[in-house]
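Place chains G, L and Y on chain F using the hints.
What follows is the residue order along each chain.
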Amino acid sequence: MSLQLFLLLASALFAVGLYGALSQQSIVMIMMGLELMLNGVLVAAAAFWYFVSPQRADGQVLVLLVLAVMAVEMAMGFAVATAIFRARDVDMTDMAGDLKG
Amino acid sequence: MDLTARLRRFSFARPHLLVVAAPAAVETRLAVERYARERGWPAAESPADADVLAVVGSSDVGLASTVAVLESQIPTPWIRVDLLDASSVVPKLDAAPDQLAAWSPDPTAAGGSGSRPKDSGGGEHGGPGEHGRRANHRELGEDGGFREDREQGEHGGHRERPTPHASEGREGAAHEMGGHEMGGHEMGGHEMGGHEMGGGHEHHMGAVAGLPMADRAPDRDGLKLDVLHVPLGPVLPYWPPGLRLSLAVQGDVVQEAVVETVGVAVSGPSFWDQPVVRALAGDRVRVGDIARRRAASHLDSLMRLLGVAGWDGPAMRCAVLRDGVLDGEPAGPLTEMFRPLARRVAGSRSLRRMTEGLGDLNGRACDHAGVSGPAAVAAGDVWARLQQWVRSAAEDLARSDDDSWVADVEGPRGRLDLAEPPSLALLGVLPELLVGAELAGVRLIVASLDPDLAELASQPAVTAHG
Amino acid sequence: MDVVAFWLLAVVAVVSGMLVFRVDSMARATFLLLASFLCVAGTMLLLDLHYLGALTILMMTVEMAVMVVFMVMFMMNPAGLMPMTMVHNRRGALILSVGAFVFLAAGALLVPWPIRRGEPPADATRQLGESIMEGKMLVMLVVGISLFATMVAATVLATGRGRYDRYGDDLTRSRPDDPVPGGVGR
Amino acid sequence: MGDQLPLWSVLVLPLLASGLALVAASTDSAVAALAAGRRVTLAELTTPVRESTRLLLTQRRTTVASDAVLWRLGGGGVIVVALLASLVVPLGAQPALDLPVGIVWFNAMEVLLWVLVWMAGWGANSAYSLVSGYRYLAQGLAYELPLMLALITAGLGAGSLRVVDVVAAQQDRWFVVEMPVAFVLYLAGVAGFSFWGPLSSAVAADLGGGVRGELSGVDRLVFVAGRYFALVVGAAFAVPLFLGGGAGPVLPGVVWVAVKTLAVLALLTWVRWRLPVIRPDRYVEVAWVVLIPLILAQTLGTSLLVLAGE
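These protein sequence lines map, in sequence, to chains F, G, L and Y. Going by my numbering, 73 is the number at position 73 of the first sequence; the sequence numbering is gapless. Going by my numbering, 345 is the number at position 345 of the second sequence; the sequence numbering is gapless. Going by my numbering, 45 is the number at position 45 of the third sequence; the sequence numbering is gapless. Going by my numbering, 285 is the number at position 285 of the fourth sequence; the sequence numbering is gapless.
Everything labelled a hint here was simulated from the structure, so no lab data went into it. Please note: incorrect hints may appear among the correct ones.
[Unchecked claim] If you want the footprint, here are the derived chain G segments under chain Y, 3+ residues with CB under 8 Å:
#, segment
1, 2-12
2, 228-238
3, 340-353
[To be verified] Residues on chain L that point at chain Y, a partial pick, calculated with CB under 8 Å:
#, residue
4, L34
5, Y51
6, V62
7, M64
8, V68
[Claimed, not checked] Partial list, computed: chain Y residues near chain G (C-beta under 7 Å):
#, residue
9, R61
10, A205
11, D206
The structure displayed is predicted, hence computed values, not measured ones. Yeah, the Cβ is synthetic: ideal placement off N, Cα and C, and Gly gets one too.
The shape of chain F in the complex, shown without the other chains (with noise of 0.2 Å):
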């Protein structure tokens, strides 16, 4: 086991997140993919602390952190799925285009 390794890792989660979120129609699909990115984040943050500076509690500080945001990130984003869902019956990006400032 080596950091490369598991920085490949995180390149792996990250790229295929990103594909997910930038292909996606759905808003829920596109959460996915955010959530997939940031588990590769979640991988780099816990291998830079422990390959790199395990004296220092910052790595695992930082993946506490993103799992504060996943949560933040999913239960925003339901909430407002569940808005648009209520006020005009849609759950595409492409509908809600309008939005769009």
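Below, chains G, L and Y alone, put in the same frame as chain F:
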């Protein structure tokens, strides 16, 4: 070899019993329940859990299609036992464990009454009949289906989601769904035995595996979500025999309820009403006889209500007491036995929390619908009706050895001297009470009214819409 | 042993991540995403990050359990009984994401990463705890407050009924008018 | 990681769990027999064994258009997760796996049940089991936070997330005395995640057995056994958390753990027969409005105690 046989005998010594009862066959059903309770045969939760399918009462009164669906759903080994009268219960059920132990997939060999599922080869048990199928969850294919999308490649199809049935009723929506190729499939629920056996059919493209897709409609919370058509009954634990509800649900919230009956055939007065009916006909009937039958009926209803509420212990005690009352045990000990049970049930704060505010039927609604009996006296929610049953059962138990003669018109479910049987009024108020309730609430409301469908014997087919 | 475990977890994490966008069933997609998270949590356990590994399992499981509810509620065809795709601009997305992967992977392999300073502490959890209760306390306070704000904001956004719907236009109803009464009876 | 139990102890766990599960199920059948007016005979006590062999001899069923993968995964996963959780339960002095964050591990494994039970309900493609799967999630929202806070409170009292340290911290006084609210809410959580007794609406009779309604044969056996395993492991984990672990006079620690586990199981069985099913639609509000503030107060009290002790 011998070891296998012994293992089978051990395993099936107490088979799980799935009872399909004609509403009129109360006495036989009570005999079956007593047998199961005394021998410790568990009641099957669902067809998947059953070993013995007990058809109580004549199956040619409209139960046949129900039984056929069940037969296709029970996993092997299983046997069917037809119980036409109370006296046949003990010998026939006594033989069941051995039949099960000797069951073999080859019908020519020894064993059950030649009863094997028709399609055991395909392993496709569990057609959708008794157990409401969740078809798919969205109005798939309403715009012609997703197949086209895939064939045309991913050109970013900006498929507007059409909202044709936003305002139409669900009938209109039902035909929309599945678009072009729904073929001859009825919507689930309206017809037993429609496509239930469709497990093995070739299916049309619009429906999946022969099952219709869900359609959508506005819901309680202002979201437009899927509507499913789910039948409740006629075979469920603690369910009034012969009742069937066709529900349109969103999530588990009922949007529409249609009451149907299964297996109601013209016969004499209901077992529970017999003493009162005799008194009305001019016979001299002792107060005790009437009170006894009424108390037993209330205990029977309480047993089901407590069972639905998930309170097994007191439900069992009610069954024990009910059988004791019908056996003619003296009033004193019965009252003694009932007192702690009544205190526990009527004094339960958690049961109160779980049943309050459900199925509120106030006095005016009772008068309007012609509801009499305990439901009218209680004039309230499920909890009030439960309390009323407990009170009334206590009173009747105390009087159950009263030898005086009296003219009483009050049956367990209401006055029997009116043109309509009291259970008909109860069925009439059901749909209104059920709309807006969740499935758990539906079960409690139905159990708290506990209509006796044998009372409808003179009215063969009943349908109440709501 | 550890290396084998890492490769296994890594491959499963990436493959299930890819399958998320390939399967038709939304239920399966959600749980494939969960599988990806669980594998990542496994790699954290390999790095002696016991607490964060277990925490990832815990949080992601709950998150996906909630997610599946919304997936089934909002998506067409959640059970995947019919083949379907719901993508736009697939080619562009593919090019971009492959490009991103190549770029990141090249960075991962080519950048001369600094040499490790010091050994991992005996108890990584204690290190984390002491740091967020001392040096990084502000960060955690902000996280806590924003989580709380999220709870409130998300609830407000998602509910369609306000207090005027519950207590009447002049807020005089003694008991709220709810479609389903709660257990407390307020 | 200290002196761990040897590796073979992992193999003992399923056996121990099965034994305790059989005892719990037998007790339950005995109570059921008494309620139905039967005498408690050997035939009643062997009910769990008979049911198991019966299910082994019964056909496995499939349903139309089921999601077989998720269905089997959900049905079979419960037992696996329960055993994974049991890794951190000390048998006597040491658990099979002495993780430094044993409490969080237990919590994480128990949370996996959310997903598994939902999958079991979803996979069968039956409206009843689907609704029941959602009931389980709704109930999860109610019991999970009090349960988490109860676990954290025990860890807080000991100043460690390692289960062995929690046991060691109770040498003078069991945590059940110091934090009774946490103990009660922990047990409510156990009933919740193993859908037991009052919190069993996911498998309630009103929807024909709920999530297990469509299961038959060996699938049903594995699911039902998994549910009992979850119950037993939950009860066993209460012993190191609140009841002083293997501490006790004369007898060896393992025996004390077993005795205390059985006592907790007896308590849970009593509750099962004492209360009707509490539906999630009413329990959630109680949990959030009453139970969470209660347990927060308990946590606060415990932390003050810890500070005062330092």
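Tested hints:
1. Only residues whose beta carbon comes within less than 8 Å of a beta carbon in chain Y count, and the segment 2-12 of chain G has 5; three or more means the coverage holds.
2. Coverage of the segment 228-238 of chain G by chain Y holds [criterion: at least 3 residues with CB-CB distance below 8 Å; count 5].
3. For the segment 340-353 of chain G, the assignment as covered by chain Y holds, since 4 residues bring a beta-carbon within under 8 Å of that chain's beta-carbons and 3 suffice.
4. Using the Cβ-Cβ criterion of 8 Å, the hint placing L34 of chain L at the interface with chain Y is satisfied: the shortest such distance is roughly 7 Å.
5. Proximity of Y51 of chain L to chain Y holds as hinted, the smallest CB-CB distance being about 5 Å (cut-off 8 Å).
6. Here the hint on V62 of chain L is kept, as its CB sits about 6 Å from the closest CB of chain Y, short of 8 Å.
7. About 6 Å separates the beta-carbon of M64 of chain L from the nearest beta-carbon of chain Y, less than 8 Å, and the hint is met.
8. With its C-beta approaching chain Y no nearer than about 7 Å, V68 of chain L sits inside the 8 Å limit, and its interface hint holds.
9. A hinted interface residue such as R61 of chain Y counts as satisfied when its beta carbon comes closer than 7 Å to some beta carbon of chain G; here the least separation is about 5 Å, so the hint holds.
10. Satisfaction of the interface hint for A205 of chain Y is found here, the shortest Cβ-Cβ separation to chain G being roughly 4 Å, below the 7 Å cut-off.
11. Hint status for D206 of chain Y: holds, given a least beta-carbon distance of 4 Å to chain G, under 7 Å.
Checked against the numbered hints given earlier, this structure breaks none of them.
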